[in-house]
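Chain by chain, the residues run as shown.
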Amino acid sequence: MLTLDRVTKTFRTGTFSGQGVTAVDRVSFGIAPGEVVTLIGESGSGKSTIGRMILGLTQVSEGSLTLDGEPVRSGKEYHRRVQGVFQDPFSCFNPVFRADRVFAMIKDAYHPQVPAAEWRTRVEKAVRDVRLDPAQVLGKYPHQLSGGQLQRLLIARTLLLDLEFLVADEITSMLDASTRIDVLNLLGDLRERGLGVLYITHDLSLGTYLAERTVVLRHGRVVERGATEKVFGDPQHPYTRRLLAAVPRLGADWSDPEPVEVCLYHASGATGDLHELEPDHHVACARLPECGRTQQ
Amino acid sequence: TSGGSSTDGDKGGGTSGGGAMPRNETLYTTGTQWGPPANYNPLRNWDHATGTKGLAYETLFHFDPNQGKLTPWLAESGSWTGGKTYEMKLRSGITWSDGKPMTAADVVYSYEIGKIEASSFHTLWDWLSKAEAVDDHTVRFTFKQARYQEWDFTLYGQPIVPEHVWSKLSDEQVLNGVNDKPVVSGAYTLKSHSQDRVIWQRRDDWWGVKALGMKPAPKYIVDISNPSNEVVIGQLNQGQLDLSNNFLPGAASMIKAHKAVSYYDQAPYMQSANTAWLVPNTTKKPMDDPAFRKALAYSVDVGKIVKGVYGDLVKPADPTGLLPQWDKYIDTSLTAKEGFSFDTAAAKKMLADAGYRDTDGDGYVENKDGSAIKLKLQVPTGWTDWMEAAKVIAAGAKDAGIRITTDFPDQNALNDLRGKGDFDLVINNERQLSNTPWTYYEYMFQLPVQKQQNTVNFGRYENKEAWDLVQQLGGVRTDDEAGMKAVISKIQDIQLKEMPVIPLWYNGLWSQATTGAWTNWPSDKGDSHYAPALWRNWLEMGGFEMLTKLKPAK
Amino acid sequence: MTLTVNDLRVHYRTLRGEVRALDGVSFGIADGEILGLVGESGCGKTTLGKSLIRLDGRMRHAGGSITLDGEDVPIADDRAMNAFRFRRISLVPQYSMSAMNPTRRIGRMIRELLAARGAEVDTPELHRRLALVGLEPDILERYPIELSGGMKQRTVMVISTLLDPSLLIADEVTSALDVSNQKAVAGALVGLRDRGLVTSMVFITHDLALTSHIADTIMVMYAGLLAEKAPAEVLTTRPRHPYTRRLLGALPQVGVRRSEGRLTGIEGSPPSLLDPPTGCRFRDRCPLADDQCADRPPVVEVAPRHHVACWKA
Amino acid sequence: MSTPPQPSGTPTPDTPDKTVGPSEAAAPALTPGRESLHYAVRNPKLLIGLAIVLILLGTGVLGPLFLDSSDPNAYVGPQAAAPDGTYWLGTTTFGQDIYAQFVYGLRSTFLVGVIGGGIAAIVAMLVGFLAGYRGGIVDEILTMLTNIVLVIPSLAVLLIANAYLGVRSVGVQGLFIGLTSWPWAARAIRAQTFSLRSREFVDLARLSGSRTWRIIFREIAPNMSSYLFMTFILLFGGSILIASSLDFIGLGPTEGVSLGLMLQSAQQWSALQLGMWWWFVPPGIGITAVVGALYVANVGLDEVFNPKLRES
Amino acid sequence: MARYFARKLLVYALTFVVAVTVNWMIPRFMPGDPVSAMISRARVSQPEAVDAMRAYYNNLFGFDQPVWQQYLHFWSSLVHGDFGLSIWVFPKPVSEVILDALPYTLALMIPAILLSWFAGNWLGALAARRKILDNTVLPAGYVLTAMPYMWIAVILAWLLSAKAGWFPVSGGYSLDIQPGMNADFLLDALHHWVLPFLSLFLVALGGWAIGMRNMIIYELESDYSTYLAALGAPHRLIRRYAFRNAVLPQITGLALQLGVLVAGALVTEIVFNYPGLGNLILAAIQNRDFFLLQGTFLFIVIGVLIANFLIDLVYVVVDPRTRTGMAGGQS
Ligand SMILES: Nc1ncnc2c1ncn2[C@@H]1O[C@H](COP(=O)(O)OP(=O)(O)OP(=O)(O)O)[C@@H](O)[C@H]1O
Ligand SMILES: Nc1ncnc2c1ncn2[C@@H]1O[C@H](COP(=O)(O)OP(=O)(O)OP(=O)(O)O)[C@@H](O)[C@H]1O
Ligand SMILES: [Mg+2]
Ligand SMILES: [Mg+2]
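Chains as they are written, first to last, in the working numbering: chain A, 1 to 296; chain B, 1 to 554; chain C, 1 to 313; chain D, 1 to 312; chain E, 1 to 331.
Next up, chain A with everything else stripped away, as it sits in the complex:
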């Protein structure tokens, strides 16, 4: 179980002056093994920052981030269990080396004792698992491969470890529609193997496709969180609704959502604390006790 408890991240801009940007503000949620949690929010809302904190690439400023009760500490052992795949497959590969170097790095770090031949079979198996032909993709330079192939190589890479959690940060936004679906399906397969996945996106349609649970983020704060059907089926927070409405959908109406006057969210200007509306559905509201909407 990966648990975030009131995790906060403040970036300092310049050491000699004490200004800071709070990118993530008291965010709490958890990811259980075998569960996909979708993190949704517009650009700059702090999604990647949360992912990077889970991966230990960014230090947590405040709050606690634990894996099975142990505080997260970046390092070899931790990364054996928790890995990440990032948005831009092209930028994940060092363009001057062959693409399969990412496998070699895993071997160097985690399986130095495995004989080369055996390693090769393992790699080929992992590559086949992501439905790629080893003969086609191994030994090539990144620019000789397509984005979908690269993205899948990255996922194959994580299969070589006894992974427990995977952070997938916008891994599909660079892909065209058809490859995108392939990658998503792959994630779903992994989940079935007991992997916990944090799936970060700003595309809601993709979020719902996979996830059991969804967290909606705005300005670094959680505005709504819960089971995916509840959050998407019955969005309570005006922001969630706006977001949903902004997504262009085939065949659906793309007009503005009805204005949400009942909640004083706009007036107060703050996100407020989370309120458990119903089991597994939390909403943030600044005027919670008296907010008419949430009391329905």
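Incorrect hints may appear among the rest.
[As the list claims (entries may be wrong)] Pairs of lysine-lysine, DSS-like flavour, derived with a Cα cap of 30 Å: (1) K8(E) <-> K219(B); (2) K92(E) <-> K115(B); (3) K92(E) <-> K420(B); (4) K140(A) <-> K107(A); (5) K89(B) <-> K168(B).
Just so you know, the hints here were simulated from the structure itself, not pulled from any lab data.
Bear in mind that the values here come from a model prediction, so they are computed numbers and not experimental data.
Based on these hints, arrange chains B, C, D and E with the ligands on the given structure of chain A.
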């Protein structure tokens, strides 16, 4: 820009450019002053502006190197009146530039400055006991010990300053003061000065016009602080400079091309002014061994230096190092026997005979105890001719099996090291031509060795017998030539056997002049045989007289 | 009909030979029409957009012609094209974020640009147009760096349409924006057309869903060729080309769970345009392909305004 | 001394790196190396520049082997002779063979370039990589250090350091130069690192258990290798120029011969005034040719590695 | 913006402190102590005299105080504009020596730097415009930047002075002219100024021209240029924008290169025996005049710092990006 500070009432006129100083009345010189003129204090014989002594302040006598005689200057006459008393008569009618007459009191005062401990001629009072004015024009000096040779040197070396001005100053100001409003007795007074030059203006009421019948030709003398060689050549070529007392590479070709004149119109072109010595530090192994020093002497290809580096502007030195002007003091029978010359084979043999062998086969001999010999020959950086010469010496030594590397620290650092005895080998030409070879021998043998050896015996060579002989020579009357020769021969015997310093070549009295503005420069041909130099001390050795012989070129 | 493109071929010169990025494309756009141009990455969308306004140094016009309002567009002649640019054909580039001179205030840049093209700035009109895309007039006094991405995007839109061009090419103007901004920008584009500031428009994207909301007609390209072109509604609901179908099939709907209906992508990857295969270029990935597909399928109007290039359609 | 033009690959720190980026899916499948080579052998600037440098390098390295005397400073010939059949470049005032000096001088010129440029490149890389990669306080401090060294006129410092320690050899001289001429390069490398640092492959390397320096040298540096190489070239040329200035004002090595020392002695011995043009012209041409050819080759390289600059 | 300046000022302040400290260390930690040097110059051999002189000079230069006190004292006298006494021109105050030389250096450097910058940028922009120009300006630029300052100086002196005889080879003014504010002197000084100026100007010119040419090419490739071209804007406008934007990095470049240019000026002065700071430094080094060296060094550092600061100011004025973007923390 504030160009320079004008002195005495020359307000306004100083900045009006060339118009104030007609070219045909002005002499442009260079070669003496390194760096901006620092002061006009004749006592600071090492850094005062060119001409401070000689043009502005004067000495009791001048010395004529051609005749080997003192000639009376401020003094009318002087003579030893007893074994330890010397009486000097001052000319009458000499006035300072402020109009006050010069009297015996001025002379006494000037000599008594030496009593100040920090004074540079404080040692004089080790053997002088008293200077007193007998009357307005007579001074009697009484000595603890009569050092005739040295005394003569003092007579034409020591400047006389006006007591009525200087006695008001603190000791500190006397010794270190800038004195930029000098009250002088000489033919020139300070007109102005700036960063790169000092300008002297002739005093038309100078006493010498009447008393000596001499009148220096240039109304103005502008001495330029030494620019670099190539700049000087350029300025000579363009006729901007009249006289350069610099060593100029390629001077011979300029002279041959009639772009400049010098004392001789063929090699060596220059008169000899001083001896360049190779000074080994005799406190260090193996240079404490006379045999090694001698072998070293044999290894030096002076001919190559004279030709290659100097282009035959100079002459190789005699084994005694005595200047040609002192030929008569050289004991030729001794030098025939003990003298040395460039001979690599001989050097090798001497080394081998003395026990210096190449035990590790690197081509260089080792110390007798087997330790490596690594000597460093240092000359000041920027002294290009010496730097080249040092390389030739190192190459010669290498052929003989002595490992010498060259090193070119800056001049003051080297002075410092040299003074402290913290060196292996240096080249030095500290002493100039003078009235007596005694100055050379004092330079070679002076004892006791001090913590800091600033002017003499840099090699810290200790030989009681030799120093006694030098002191004995100092006590010989300067007119007793036979007496001098007898002592000198004994000294030369020690010198040639011990080789405390190795004579290399005679540095020239560098002087190249142009004839665009002034003619009748000294030469071996015409009627002016004076030293064409404004170097310190050389104004008293003919430099000033040279000025009186110049003629404007139309 | 405003624009007619006839068998347009544009190639890129490269070390390895010519990349046939446009290999014979024909279509037309009517007055007031917004044409959505979609297709997988690398299929030649940008190339088409560029061909309509300015070929860059490596592009070569290999054949075909373009007419705008009955007049021939001399795309290969850089000088002659200047008469068309901006006034009749204009562009909102993909790189709108960096399309403005960073060291000029926006207003001044606009003035200078217009002056250079021999036009005057009509300030009230400019303000009105800014307001149309939701911008305050005071951005004219600002430097580009002081605007957000969406604002820059919209500013460039206003600039590009100042001379009321007949044709506006908008190349991936929304792909760098997040959903809310995306919507604002797309809305503004439609607004420009609705107010008649531009006559017709080519809207390039690879987001089918987005195009379906703003385009009148959608054209799907595949590997440098036209695959299918139809009114938006028709294309999204009754596509004929197998590629279009598979593409639509890969789009998840909000709320659709994987457990409920598993979607699949298209196997394989598009062919290299360096040396494209003969015949139907989708053949290798097409489940319907047979021997007939070894010949290049012609573009056929299967229904009014519905063109398809497929033997099986 | 001269103004080293920075590799134009990144004219300003804020220009993103152009050498790497997603290439079009269907782009010709040449590997980056092969493609560069293709352009390299067709780039006249690069070829001409390299040819000159190599010819001069060859002259410096091999030339001395064909000389009779092993000491270029030996007085071998007639004095102050103009170039002729025996002494191709004439002789000095002392009768030294100027051709021999030139050939040996080229050697030390290249040597000081390698040492000075090498050390400067190493320092610049350490500082630039660390500042750019680590960011934060490390960056602030290193940047400040860089700026300080940048603002202090390095020649003045070199003068003092040289006077202080005394330079005996080309090596020491190169060391001094290297230690003062790195700042602009450090800044440039820092900016490059900064833009590469946010590439996701760096994160991926961290997730694969790589440590800072390993990431820097195995991930970041290879990506800017062409840039680093160009930086080195410029530092190399800069070192040669600085060294010649130092030699010229008498702060050069005390042993041996270099082109700068040749110029110095030509100046000291008034070659100009005596009309011995053959003494001061060759060393200057030598320096200018080496440095100029390096710069030209550098532009060529820039064009090779940088698609935007290629002439289509 | 304020932050940007705060940072810059901090760097300047730190640089200044470092420079002053290095400066202070010069006479104290360089081999060969200045006092011994002075004594050995005085050629005094009498031990008592030596001791007396040593005590005197030690006191004069404050070497008899504890080191920290010397350091503090150094700062306080600095604040009062007191750089101590020169050894070389003893006992003239260092500041006077420097002030005498300063006008020459400034007269040489400021026009050379500024004019070469302007002309170089102009030439570079021209080169980017036409192929023929590019093929002539560029190679010439490379040859010029690759030339050692002193060599171009020597060559100019040889061609224009020794051969053609148009200009004097050395010095700041003729021997028979006294410095002063009059036409004779100024004309003569101008005549002497031409060659050193020209050699500085030419070397720097090449560098700027190349830099500008490369920058402009980049700018012409940039998105905004492409956009303007797509809208049919005339080349004139595009080039004008490109030029303006390309000049900005050149301004930064000027700040970066200032130290190097100053160094070049010093070397050039030495070749031409020009009576400025360069010659002063050389003399100070050759004469172990630590105090003069200190003073000159500090003067140059302060000069460079001020110039840098001015350039920074100019930059902020001309580049709007600094005003907003500089808060990001990337200098
Ligand atoms: N290293 C950093 N230093 C300073 N601020 C940062 C840093 N990383 C992120 N931020 C700021 O933190 C906020 C959240 O950024 P983050 O990348 O997590 O957003 P995001 O939700 O992933 O956005 P996107 O959808 O664009 O990827 C942004 O305002 C960003 O500017
Ligand atoms: N400058 C170029 N040189 C060579 N080939 C190019 C160049 N630009 C594009 N191509 C090739 O031309 C084809 C079409 O490219 P184009 O940019 O038009 O595609 P696109 O549909 O716009 O793709 P995307 O959705 O990625 O923008 C691609 O195969 C691409 O590799
Ligand atoms: Mg993100
Ligand atoms: Mg595109």
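Against the structure, test the hints numbered earlier, and report the numbers of the ones violated in rising order.
-> 1
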